[in-house]
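Peer 1: Sequence lines, in order, name chains A and B. Taking our numbering, the leading residue of the first sequence gets 1, the next gets one more, and so forth. Taking our numbering, the leading residue of the second sequence gets 1001, the next gets one more, and so forth.
Don't read these hints as lab results, they were simulated from the structure. Every value quoted in this text rests on a predicted model; they were computed, and no experiment measured them.
BS3-like cross-link-like pairs, simulated, lysine-lysine; straight-line CA separation at most 25 Å:
1) Lys466(A) <-> Lys1552(B)
2) Lys376(A) <-> Lys129(A)
3) Lys202(A) <-> Lys1552(B)
4) Lys253(A) <-> Lys176(A)
5) Lys436(A) <-> Lys1552(B)
6) Lys446(A) <-> Lys422(A)
7) Lys1434(B) <-> Lys202(A)
8) Lys154(A) <-> Lys31(A)
9) Lys1156(B) <-> Lys1093(B)
10) Lys1269(B) <-> Lys1200(B)
11) Lys1236(B) <-> Lys1200(B)
12) Lys1593(B) <-> Lys466(A)
13) Lys43(A) <-> Lys167(A)
14) Lys1664(B) <-> Lys1616(B)
15) Lys1191(B) <-> Lys1156(B)
16) Lys376(A) <-> Lys436(A)
17) Lys1269(B) <-> Lys1280(B)
18) Lys1593(B) <-> Lys436(A)
Now the stretches of chain A that chain B is said to cover, found in silico as 3 or more residues with beta-carbon under 8 Å:
19) 208 to 215
20) 232 to 245
By construction, the Cβ of each residue, glycine as well, lies at the ideal position given by its N, Cα and C atoms.
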Amino acid sequence: MTNSEDEKSYSLVNFFVFDTSRNFPEDEEYKSIVYYYPKDTSKDSQMKEIGRTAAILKFSQTFGTSGSCHSLHTRKTRQYFNEPEPGFCMAMVINLNKIKKIKSNKVTLYQTVKLPTVPIDNDIETHDKVFNSLLVHSYHMFRLFMGTMTSALKVSDQPEEELEQLKLRAAYFYSKHLQMMPLEDADLADAFLGIQFLPMDKLSFLKVRSLVSHVEQTFPCITSTTVLYQDQIVWTGLCQDDVQLIYNYLTTKLFPASITLNTETRFLTGPADVHGLSSEMRIPHVFLNQSQTVPDECQLIVYRVAGVTMCLFISASIELDHEFFVSLDLTLGPRIVALSADVAEQALVRKTASSLNTGTDSIRFLYFNQWNMAFKSTLHQSIPGHRRVLQCQPSANNDVIKTCADLCEDFSSFGDGEIVVKTKSDAWVLGKLSNKRHLYVVVTRKNAELVDICDEVRRLRNILFKDILLLE
Amino acid sequence: MSRTTIETTEASFLLQLSQTAIHFEPVTKITNVFYDEVTRQVFTVRSGGATGVNVKGPRMKTPINFRVEDKGAVLSIKFSPDQQILAIQRTSKSVEFQNFSNQVPDGVEYSQPCRGSSTVIVGFVWVSNTDFILITNQGIEHYQVVPEKRCLRAVKNHSIQSNWFVYCPLSGLLLVSSGPLGTSLQPYLFKNHQLLRLTKFEVDIPNPPQPARLCLVERDVTPTMLYNQMVVLVLKHPIKPNSTVGRETPSGNSEIVVYTLCKDAPPRKTHVLQLETSGKLAVSILDNLIIVHHQASKTSSIFDINLTGESDGRVMSLHPFLASVTIRPYFLNIPASAAMLNHEPSQMSCELYSPNWVFFQSNIIIDALLGCLWSLELVLTPLIDMVDNPCELFDFLLQRTESKSTVMALLSRLMCYSHSVGADVPVLGRVFDKLNEAYRNHLDIEIQSQIAMPAGAFQLSTGSSSRRPNVVIDQTDVYSRILSPMTESKPMDETHDRFIVAVVNEYIRSLVQYHIPVQHFIYEVLIEAFARLGQFYQLHQLFQYHAVADSKPLACLLLSLESVYPAAYQLAVDMLKRISNANEEIVEILLSKNKVLSALRFARDTIPVESISARKFLEAAQNSQDPSVFYGVYQYFQQRNRRVRGSLAFLKGEHCEVYIRHFKLLFGDGECSTSLTDSLSMG
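Just chain B, same shape as in the assembly (with noise of 0.2 Å):
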């Protein structure tokens, strides 16, 4: 194979095992491995904790090594969140406790026994740094540990018949399987240091066995939190035609049932994700994602609980929304001094989805020969490559974290796609509007944060960040990132100007939808397009159904127009009226265009008469070379100072003896020619 071709195929990616992996001791006759899902620790116990214990993590900086007393084989061992207490299970009637202080344990064990004589123990679970969880073939023990005093605190029992639990420390929910079938699921929430009990269900098995067995196991139930909401995944594996008949290859195939939790009401089948294969399956959830892979095919597939699918009313059936994904091939760097003893590659190629595989929530991959711990990575970039059906792809990719970079890609690929293949008009619309709904509901969250009392803040954002979007493309993105590139690139021809105006026009319009303010910079492209197209009625349409939003910035654009167009004059005073501070502008643009006596009547009746500047109107009365005009607009200014200040002078502060003296020799002193007067008096 040559180098070029991994490369391009490497590309196409989605999914990777974490570049560090955890490396621990390889499981062998007198090591043992644990993993705890809730700290993502792996234990490695060699024989029975006396030769040592090592304790890793993704979550650790520094492993911990420590030794115990070798009472027997482990069965389970677990370290509190924080790390100070260690619990051990070497027996199916208690568990022993070791209190830590820097990462050493003091020596000291205490034990806790489970209730009843017959009573076996099936697991326990720390829910939080003191509160201990201990499950039982007859019931659910919470206890309290109180580490000063070695010793544990009954909080509450629950009476229940179990086969074995789930527990996912997102949501502190507990799922304890119950009757002969196993079928029967009752859920547990770990809540400020109580443990509530949820209303129970039943996971139907059509066909069940007779007589009856377990029949849902441990491995194919799993309870996590997908957007939020907290959900129980249970993978059913398609019907045995004859049970009997055993060891033959089901027909069918798998599927996973999405049972949600709702605050008030029993958990509710929601959702049905359809495989399309059976087998050897695991599930891993990351970043919202369910991704199913299956041993026999070494391929994932990926869904999306937020995406549409089939839906009958109560039940959405949902298909893979990528399907035969298959994670990139992994090496294992080999220590230095072995290979240079076997001149063979320092690196080996890691087999993928093998038999020795065991998947952990949420994440967590562990082969348990090679002694690896890898966390499962998302790798979006790929996707840009697939846009047979850019909207359901930008659902998919608003809904990820740190998907960014790729949102942008994929948009201006859809950009310059768009001369050739699909991305029209109508998608390019819809795919806008998703942007901005979530642009919305980010600015919304802003404005609400901004509103909140200091003290109220806090609780707000948390309380409002299952809304909050993960991708926010603003209107700053879309300018610098895909319009600006866009004007500046390509050899600029009347289609592509063409498309610019159409673009321009789908975003505006998905702006105006969402209710978001129009930067004018916006604008800006879609002006200077119909600018460039020669299309100026066009662009007044614009200005006259208000579809642009005044601003001074885009009135000075429409007056640099004129020399082109003239009619934007018209629409730039227009706008400029509108906007309620810039009254002094239009005052300006009409002295500027000699309509004196105009300008004067208007700052008349919108400025107040005495911030009205004298010289302003007089410098531009005498530029107009008509003596008529210049004596209006003097007379007005001597007829306001006498209204304002009871003298027709003018202030000195005012500079207009260059004025005083011009009317001087036009029309005299003070009294002015009877013949002009009347002359004027009566036009």
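This is chain A alone, in the form it adopts within the complex (with noise of 0.2 Å):
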């Protein structure tokens, strides 16, 4: 990030799983532990650290008036529990480093090199919401890849056995997923971890579900396709849950990673080469549809062309020989081919047509709706392939964002409304939530009034909101 101003930052101090259901023996309760991070902190510490969450999940269920505790704020720390699955529990804290402390610095996890100025307390202010939604998202992800932790259990006598493989895949997993922790600059986006869907028209939308229905009335063993233009949504046959876990492991993951790969390169996941003979697959298995008793272990596949992506799943049961994904290569290849072409025509006119409509930088937004996850912001800028940025008026990027999500936990108490503030750095920002649709427009605009903001966000509402009933 390019913000030089960027004055307060988190570090993660450790993050650990925890059993709470088996009974160890006094001197043994470190086998509880499903995983810790950082892994060279010693035993000792490891034990306190999950006795002292223990005690406070158990004090605060005892005496709490609404359920267990979420987070714990001390002065220097902020703490996350969560409880993902019965008899299991997760924790993870977040140093609030001040910069003098940098300097003195035990915590090796920063890379960004800060300016010496005197941060003031309420600045360094977390968000509860967001952080708690990282934590409770990394479950949701392990969950994805791993399957719920119940089912990596073992049955044996041995309670140390029973964890054995639960432990194996928890370090596989979370040692990987905390180094991509948006720590840093997580906002409120993570926390709504919302679908971006690429606009279009209707025509082009239903040749795209046709496009669907033929290849899975071809290959019958997909049981689900989604389908993307770079990195927004098209369509996608997954119920909500699971399709905003494979967006975020596409958008933020697969994607960016991908990016390295020659052009050529079809299959993202499957095999690298499909026109060789080598029989080199990486086909990651995704656990869906949790809500069902035994959730659904998929293959997932996708295909790239023309920047036409295409997930398919296909159930873990049946085995992909090389065969398959030839012919896959051979029916999707040219129909998307001829597709993309459309789409991508549609891309640019919505593109170029919606930035004449937004104008200028002075007025931005963030829209979430909750019921179908579809979310959209001109507040961040996403470049296909890596994180999206915040891209507000750099001085007041923390504020703004930060007011933002204050407003989002005030509607979380007080229900649909509309809420306008004047930030500290002369931004204004307003609030609105109605029938589960998120609104927060900025307007950063030198003297403006409250008047003139109503009207600009009038004005906004009526240029990309006229299709919906957002209420006054």
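Grab the two chains, each in its own frame, and use the hints to assemble them into the complex.
Peer 2: As structure tokens, this is what we get:
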């Protein structure tokens, strides 16, 4: 990030998962630890942390009014708790780094060089909503790729053996996941985890649907298909919870990783070379439909041609041979190429149209519809293959995004409504919740008054949201 | 042969002879039979007409019988199209005429000789009720017959060396062969009582015989109309390796060359039909199809020049769309007395493709020995079984008249087939595209005829008749005959519903592509299938992309889905918002959701302030059990009353008395209790 005025930063102190249902002998309690970061922490400290966390949760469950505790604020840290499955608990501790501390830094996660300015305590306030989401999300991603924690348990007399497999999986997954966790620049968008849909006309959309039907009919083993153009979803056959995670996986992990790939490579997952005879296959398995008693284990094949990505989900029980991929390539390739011209044109037309409409930099918005997970933001800049970047007025970045998060939390207690606030950096933020639709509009205009802001917002609504009912 | 086998094979005959044949006296020594292609009449002339002339035809209700004086052997005999004048040719020099009234000749003959002493009449043709064309070896003579004066008036004379001629009554095209080989064809077009000479064209014959002799004959040339285009079909036999060897079987296959006549350009060779056979061939034209009969194999081939073939840029080479088709066996009824006498079955099978058959344009078959005239008919239903290439089959069927039932049957066949065989989504898509292209054309014509002025309407409808599709399959057809049975019949399983979703999606895609507004019942099939599959989020995406057109019925359907898919509520109100006249409905929905203030704000912004029903809002506010809401609503309407009518009071007609009392009960008389107002204004 180019933002040199970044005044605050967070660092991960620790992150751990432990078992709460099994009884281990007094001196072997460390065996209940499923995963602990950092790895090199002494067993003693690990046990202390876990003991403390268990105690806090127990305490809050006993004396609290509304279920168990999700976060704990201390002067220097923020602690987040999550009980993803019965018998398991996970926690994450974030350090609020003050600049002074960085100089004598023991934690070595930092790469960014900070300017030595005096921080104000208030400014380094984290957002519980955002960080809690990160913790919950880390579990959801684990569950997507590894299945539930319970499913990894082995039937055994020895509680230690029962957990063995789970510990391996957790280590495998979290060692990678934590590196990618966007602690530094997490914002409201991470809490929403929305999906960006590609705006397009109905005919092109129906053509995409037609292609999907064709593929699913030709290859009946395909249980579900998701289509993206660049980083935006066009169609998905998945349920909402799954597509949210898959979309996040594709846009934050798979696509950025495949940016270096040869443009000839069509299968982002699957055979490395469909034309060659090398049998190298790399097909991730995912666990879908978690609401079912037994989730579906599927193989995820990601095929990309001319900017169009098709994600095909095939039951894990089906063995896929080389021939399958060849015929898939033959069927899909020409049709996608034909379609992509249409879609690309649409994308271009919409892009220019929307940039004309929204106009100036001084008015930006963030929109999220909880009903269909549609997310749209001009506060952020999305670059295909990269994590989105805030592109608000630099000086107002943190301020504004924090205000949005504040408003969002207010709405979660008030319900539908509209709130307008002026931030310290002289930007206006209008927050609105109407029938599960969130809209945050940021107006950074010198000497603007409330009336102007309302006019601006009304203008924006009439252009961008004329087709939907956003109640006053 | 058992009865069942007859039936099963019978089902596959694409051609049949008309059930009612026209019987006439067969040719004998004293009986001559003539057929006129213009009036489609068979003339049976007994002993030169003295013992009677009998005229029958498929277009005639009753036969005409009359006698003429025997003045020698009749060479040709033809009625004028209105049967008012009879022309008889007995010599090569002149034609005699007789006026008819009420199918009775007046007995007075008048004669018209041809021009020049060495001239020989080749033939004659009636081109209208009074226009008479005489073709001689020297030229074309056009006369106007004046029956009242019993004479003919010469209109125009085209001089041409003619070998033979053919005339197409459909288009008025007269084709005259000239030149020593007969390959030089001169077309004339009869239009508005005038005979126009068109550009001459040459039929190329490879290896013309030396010395030159006539090698293109009349029966191999057929002028006709195909898809409202004047065409000339020329049957070409394979080249004999060496003409001197004589009767050796020719190698290679025959072909038909199609010359298309354009208005302002010379006739152009446009198609070549590969007959894949040779020998004795005859051509029938039926429903814009070219049917070629092959006598030796007793089969026919069917060609459609509107189907695509291999083109070299100028000429399209076509193979038969249907080859080796046979005519359904035909049984002649034997008169009852004869059957009794011989103890034979009362029906006699009739030899098909008999050497005695003569083919006339456009679809007439005459067996001169049996004394039968049939018209050839096309039977489309057997085509349902030929689903190897559904797209081409639909192309073929959509061009036929009266093929709708076959098209529908084929379509529903494709829909059930899809589980096991063929008929995959892209094919269905292309089929729907074909249907909807015709549907679109039909709608365009409808719109045009509605816009057009009454005076111009007639011209317009005739002018655009060429585009008017034969078969229109509209959305009601598809719904009632295809989609509705699909959703009802089968035991519902997931694959079946997924297939319904795919089919309806494809159908809607095609309709949208042809800019045809989709009716809500089509969407309903899709929505219900998605609902059965539980794929509500997928349904949501469909609405998100506006792939479903907004309508009140669909908004209601969505509202009904709210209990199973809560987000449907959002979709429903969004849809109502986009429908311009549904603001009242939105207000009702918001009120039913107990969002009284939101509803009021929405009503204030969208509905004229004086027509907002105060009672409705006050009732909802009272039901909300929230005094502050009731206070706010009550105050709003009081203010409105003041603005609109200058007084805070409600009108009698608004029936708000009960709410006025409720307000007083809650907040006292007029002056509200200070504590409450304070708290409200704070909030």
